[in-house]
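Read top to bottom, the protein sequences are chains S and X. Taking my numbering as reference, the numbering of the first sequence is continuous, increasing by one, and the terminal residue is 117. Taking my numbering as reference, the numbering of the second sequence is continuous, increasing by one, and the terminal residue is 115.
No false leads were mixed into what you were given.
Straight-line alpha carbon distances no greater than 20 Å define the calculated EDC-like cross-link-like pairs of lysine to aspartate or glutamate that follow:
id, chain 1, residue 1, chain 2, residue 2
1, S, Lys-65, S, Glu-54
2, X, Lys-112, X, Glu-14
3, X, Lys-112, X, Glu-15
4, S, Lys-65, S, Asp-87
5, X, Lys-102, S, Glu-54
6, X, Lys-69, X, Asp-92
7, X, Lys-102, S, Glu-96
8, X, Lys-102, S, Glu-104
9, X, Lys-102, S, Glu-58
10, X, Lys-3, S, Glu-58
Covered stretches of chain S (chain X as the covering partner; in silico rule of three or more C-beta atoms under 8 Å from a C-beta of chain X):
id, stretch
11, 33-47
12, 105-117
Just so you know, these hints were derived from the structure itself, not from any lab. Keep in mind it's a predicted model, so treat the numbers as computed, not measured. The beta-carbon is built from N, C-alpha and C at its ideal position, and this holds for glycine as well.
Given next are the chains, with one letter for each unit.
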Amino acid sequence: SAVISQKPSRDICQRGTSLTIQCQVDSQVTMMFWYRQQPGQSLTLIATANQGSEATYESGFVIDKFPISRPNLTFSTLTVSNMSPEDSSIYLCSVELVERAAGETQYFGPGTRLLVL
Amino acid sequence: DAKTTQPNSMESNEEEPVHLPCNHSTISGTDYIHWYRQLPSQGPEYVIHGLTSNVNNRMASLAIAEDRKSSTLILHRATLRDAAVYYCILRDPLGTTSGTYKYIFGTGTRLKVLA
Chain S
1 SAVISQKPSR DICQRGTSLT IQCQVDSQVT MMFWYRQQPG QSLTLIATAN
51 QGSEATYESG FVIDKFPISR PNLTFSTLTV SNMSPEDSSI YLCSVELVER
101 AAGETQYFGP GTRLLVL
Chain X
1 DAKTTQPNSM ESNEEEPVHL PCNHSTISGT DYIHWYRQLP SQGPEYVIHG
51 LTSNVNNRMA SLAIAEDRKS STLILHRATL RDAAVYYCIL RDPLGTTSGT
101 YKYIFGTGTR LKVLA
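Bound-form chain S, shown alone (with noise of 0.2 Å):
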């Protein structure tokens, strides 16, 4: 298993500033995702991010808006850059190990609550 943790917990931020959110795990793992998760509805991959490598960044998600780093296989930031209000939502981490017993399987961080107001 593993065990993933977020800095912030939550924020609240004014429009056009930015926020670095932390993310740590307590193993070495290859995979790392970001994830955005607004009220009431399902999570939305932002990117993967490898380490030694750049973000893969999906649809709609752009580097220069949400830069990722990934300095080692513990570690990795992604920043909300020039937030507006309809950034407000929970940021989460995840990462992908693979167990003996079950396989690849995604732990998730506790999330990261952004308002922007």
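Assemble the complex: chain S is given as a structure, and chain X must be docked to it using the hints.
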């Protein structure tokens, strides 16, 4: 991206079995079928996954149709703590890099368990 279709919501009585269906008619031969659930105010958690054969674990059972175009998550005895949104997911290959995948979540089924 691979697509799954689930009912928006279902209800079950406590202590009764629950069958949560999922259609994935565009599934490829090597796609695993994953199920996750999200309890209120928490991140999703893994439930079960399988390829072709039916699978059982301590949380649930997964029944996969012979043509693999549908599957059913079975909770044998629903409890109030099983009230959650259940997601059926297919992994998609991530670009052209072999062996790397992404998970695309559908709308999920909101399960309500009645006491």
